Amino acid sequence: MTEYDTDKFYEGLVKHRLIIPVGVQGAFGRGAVFEDVLERFNGLVSQLSKDDRAEVYTFPPIISRSVLERVNYLDSFPHLCGAVYSFFGKELQALALSKRVHDGEPWGDMLGITDVVLNPAACYPVYPSFTGVVPKGGRLVTMLNWVYRHEPSPEPTRMQSFRVREFVRVGTPAEVVEWRDMWLQRGLDLLTSLGLPARSDVASDPFFGRGGKILAAGQKEQKLKFEVLVPVISAENPTAVCSFNFHQEHFGSTFDIRTPDGNVANTACLGFGLERIVMALFKTHGFDPELWPKEARQRLWP
Amino acid sequence: MTAIDPMTQKIRRILKDHGRLSKDADSLGAESDLYEAGMTSHASVNVMLALEGEFNIEFPDHMLKRSVFDSIASIGAAVGELQGG
Chain U
-1 MTEYDTDKFY EGLVKHRLII PVGVQGAFGR GAVFEDVLER FNGLVSQLSK DDRAEVYTFP
59 PIISRSVLER VNYLDSFPHL CGAVYSFFGK ELQALALSKR VHDGEPWGDM LGITDVVLNP
119 AACYPVYPSF TGVVPKGGRL VTMLNWVYRH EPSPEPTRMQ SFRVREFVRV GTPAEVVEWR
179 DMWLQRGLDL LTSLGLPARS DVASDPFFGR GGKILAAGQK EQKLKFEVLV PVISAENPTA
239 VCSFNFHQEH FGSTFDIRTP DGNVANTACL GFGLERIVMA LFKTHGFDPE LWPKEARQRL
299 WP
Chain Y
29 MTAIDPMTQK IRRILKDHGR LSKDADSLGA ESDLYEAGMT SHASVNVMLA LEGEFNIEFP
89 DHMLKRSVFD SIASIGAAVG ELQGG
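Protein sequence lines, in the order shown, are assigned to chains U and Y.
All residue numbers for the first sequence refer to the numbering used here, where the first residue is -1 and numbers rise by one.
All residue numbers for the second sequence refer to the numbering used here, where the first residue is 29 and numbers rise by one.
Simulated from the structure, these hints should not be mistaken for laboratory data.
Fair warning: this is a prediction, and the values are worked out from it, not measured in the lab.
By construction, the Cβ of each residue, glycine as well, lies at the ideal position given by its N, Cα and C atoms.
Hints may contain errors.
Unchecked claim - To give an idea of the interface, some chain U residues facing chain Y are shown, with a C-beta separation under 10 Å as derived from the structure:
1. G210
2. I212
3. Q217
Claimed, not checked - List time: in silico SDA-like cross-link candidates among lysine to any residue, alpha-carbon distance up to 25 Å:
4. K44(Y) to T252(U)
5. K221(U) to D89(Y)
6. K223(U) to D61(Y)
7. K51(Y) to D254(U)
8. K93(Y) to L78(U)
9. K218(U) to T68(Y)
10. K223(U) to F160(U)
11. K93(Y) to P204(U)
12. K223(U) to E53(U)
13. K223(U) to D187(U)
14. K221(U) to E59(Y)
15. K211(U) to G104(Y)
16. K218(U) to Y63(Y)
17. K211(U) to A78(Y)
18. K221(U) to E64(Y)
19. K97(U) to L78(U)
20. K51(Y) to Q246(U)
Unchecked claim - Residues of chain Y placed beyond 12 Å of chain U at every Cβ, according to the derived structure:
21. D45
22. E59
23. F83
24. A101
25. A105
26. E109
27. G112
Produce the complete structure using the sequences and hints provided.
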């Protein structure tokens, strides 16, 4: 029987030099073996989807603050946001700032907000570039982006900063939903082929506050979000390692994206939480990849 | 629930102020679908908070769902229930 113990799992990851603590919760370095597994899994995703001919982009881990504001992120997830602040003052204010820092006093109020925020969702950077009319058949983009969520936790699968292998589909509602359903099965098959006990379920985002309960309930009722789950730190509450979101017209109307028939485009995205998938593999098969089952090894190290 | 009772009037005013409807709240029937009339999910949260303030009630978790806020009639029924009416 698999035993679930968050502290033991974290300590095991550290002991095997898979992760390197950096002194703050939800952030850690990744060792070479951890990265090798992560890159090989990402490679499998690329291989599996190569005939889909997605456009490939890379974005930095920051986005324009205006994008965050326009997509209503601060209405839905103010508790998760990470805005970048910097110092805009003159010499005397800099001296005062320095004094406060060295005296161990709070200094955040001496900074001002910049034009950028840490990117909280791997798909966000690409939507502004879709503005206009998409070609017949829509578009498909893939990215590997670092994302930020302000949710420090001692639990290793809950990170403040992590990578997501993302796909974004834009098109008519039928095109987008068909693509999402195809990937839901494909994602499950991929994880199952690696020996992970994966299953999918309807899900909701962690919206803020009591009002957020309405948003979460609505998302579930309308089946707008699915997750693929694998037990990593608990059997009862398995960890979401892959998530599928159907946004309907949310981004299409925000960024004026249209299909050739003149209608507002629909979008959907899916993201593999790469660190979580790697951790699910270590949890399921053990901390030493040399000892993993043959089938999983053959897929990752063909 | 008729159009002239005070609770419905208050609900219509809250919908006008917070519902971001594409139609005039006064032109909607009691059973009209507010989401179809342009109310977004985020607007429904604002409507919920405004209702709590106006009627001095607090929606319990099991009522924090889309269907409770989908028409003037269902909002009226929920408010009535919470007021012990």
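Quick one: which hint numbers does this structure break? Sort them smallest to largest.
Hint 19 alone not satisfied by this model.
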